[in-house]
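Enquirer: Listed below, chain by chain, are the residues.
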Amino acid sequence: MPTTAADQRTFTIIDDGRPATIPVEVSDGRVRIPARAAAGALGWTLAGDVELDGLAAALGRPVAADRDERAAYVGVAAAARARVLTSLRAPDFTLPDLDGRPHSLAAHKGRKVFLVAYASW
Amino acid sequence: MYAELKGAGFTIVSVAIDRAADDARPWIEAARPQHPSLIDVRHRVADLYNMVNVPTVVWIDEAGRIVRPNDVAFGTDTFKHITGLEAAPHLAALRGWVRGEISALPAERTRALLALPTDADQQARAEFGLGQWLWERGRMPSAARHFDRAGELAPHDFIIRRGTMPMRGVDPMGPAFREMLGQWTGAGRPYYRPLPS
Numbered sequence: 003m004p005t006t007a008a009d010q011r012t013f014t015i016i017d018d019g020r021p022a023t024i025p026v027e028v029s030d031g032r033v034r035i036p037a038r039a040a041a042g043a044l045g046w047t048l049a050g051d052v053e054l055d056g057l058a059a060a061l062g063r064p065v066a067a068d069r070d071e072r073a074a075y076v077g078v079a080a081a082a083r084a085r086v087l088t089s090l091r092a093p094d095f096t097l098p099d100l101d102g103r104p105h106s107l108a109a110h111k112g113r114k115v116f117l118v119a120y121a122s123w
Numbered sequence: 014m015y016a017e018l019k020g021a022g023f024t025i026v027s028v029a030i031d032r033a034a035d036d037a038r039p040w041i042e043a044a045r046p047q048h049p050s051l052i053d054v055r056h057r058v059a060d061l062y063n064m065v066n067v068p069t070v071v072w073i074d075e076a077g078r079i080v081r082p083n084d085v086a087f088g089t090d091t092f093k094h095i096t097g098l099e100a101a102p103h104l105a106a107l108r109g110w111v112r113g114e115i116s117a118l119p120a121e122r123t124r125a126l127l128a129l130p131t132d133a134d135q136q137a138r139a140e141f142g143l144g145q146w147l148w149e150r151g152r153m154p155s156a157a158r159h160f161d162r163a164g165e166l167a168p169h170d171f172i173i174r175r176g177t178m179p180m181r182g183v184d185p186m187g188p189a190f191r192e193m194l195g196q197w198t199g200a201g202r203p204y205y206r207p208l209p210s
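Top line first, the protein sequences correspond to chains R and Z.
Counting with the numbering used here, you get residues 3 to 123 for the letters of the first sequence.
Counting with the numbering used here, you get residues 14 to 210 for the letters of the second sequence.
This is chain R alone, in the form it adopts within the complex:
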C-alpha cells in the first residue's frame, strides 16, 4: 500500500499548562514534531525531530495525546516531583485570589503557613 505524502498540520502542545501551536508532519498516521519548531515555540532541546509516540521517552515526561483533537499535554515527571518533596522544601506556587490578584506561597517565608486545599465538590 503506498504511503501517503506527509501532510503539514498544526498541533497544540500544552507544556505543563502553557500551550503552543506548532507545525507537524502527519504521515501513515504518525505525527512528527520538528525539533526546530519545538525549540522555537516550547524552548525544548531535542536531539532531532521526534514522533508524538516517542515524545514522552525523549523528554522523560508524561505525555497525554489526542490525535483527533491535534493536542497533547506534557506533564511533570514523578521523579522530579518526588525529588522536590523529599527535600522537604515546600514547592512554591503563584495563584490568583477572587479578585484575580496573584499570591505566592514564598511571600510568607518567615511565618508558619497552614496550607489548606479544599473544593466546592
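A hint or two may mislead.
Simulated coverage check for chain R against chain Z, where a stretch passes if three residues somewhere in it have a Cβ under 8 Å from a Cβ of chain Z [claimed, not checked]:
id, segment
1, 35 to 49
2, 71 to 81
3, 91 to 99
Rather than coming from a laboratory, the hints here were simulated on the basis of the structure.
Quantities reported herein were computed from a predicted structural model and do not represent experimental measurements.
Where a beta carbon is used, it is the ideal one built from N, C-alpha and C, also for glycine.
With chain R's structure known, arrange chain Z on it following the hints.
Expert: Quick look at chain Z alone, frame taken from chain R:
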C-alpha cells in the same frame, strides 16, 4: 481560629481546587477570610504536593520547609458523622505548633510520611490537563475520554475522579459519586487517608 492565632508569625493559605473562581466564590465570600484564599483551576497545588483528595492540609515552617506533610483535617465536626474524623485533635496540634509549645515532626519522620507520586499518578495528571484544556474549548466527549483515562490510571485520585464531575455535568454530591465511593470503600479502601496520629 485564624483570628485567634494570626499575628503569632502564622498565616493560613487556602486553595480552592475548583474549575472556576465562581465555584469557590460562595465559600470564600461566606467565610470572609482575612488570609489569602486562592483559586487553583489547573490543579497546580495538587500536582506539586501530590494531593489526591480534599481537604488536604500541609504545615510549612518559617524557612519554607514542609514539617507535616499531606494530612486530612476539617475545621469543624460538621461532617464527622460521614468522615469519622474529628476536628479537635488536629486543631489542637496546630495551635500548639503555632504557639511554639510543641515542635512539628522531625525531618526524617516527615520524609517517611510523604506521599510521593508514581509515574501512573503523573500520567493521570497529564490526561487531566489535556481533558481540562479540551473542556475549556467545548470539546466535551474528547475531554471525558481523557478524564476517564486519568481515573483509570490513578483510581485513588479523587481530586481527579470527583473534581472532574462538575466539568462532565455530573453532580459531585449525587448518585454517581455515591456509587464511585461505594465501589472504592466496598473494597476496603479508605476515602480519606489522615496521617497516623
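Enquirer: Can you list which hints this structure breaks, lowest number first?
Expert: 1
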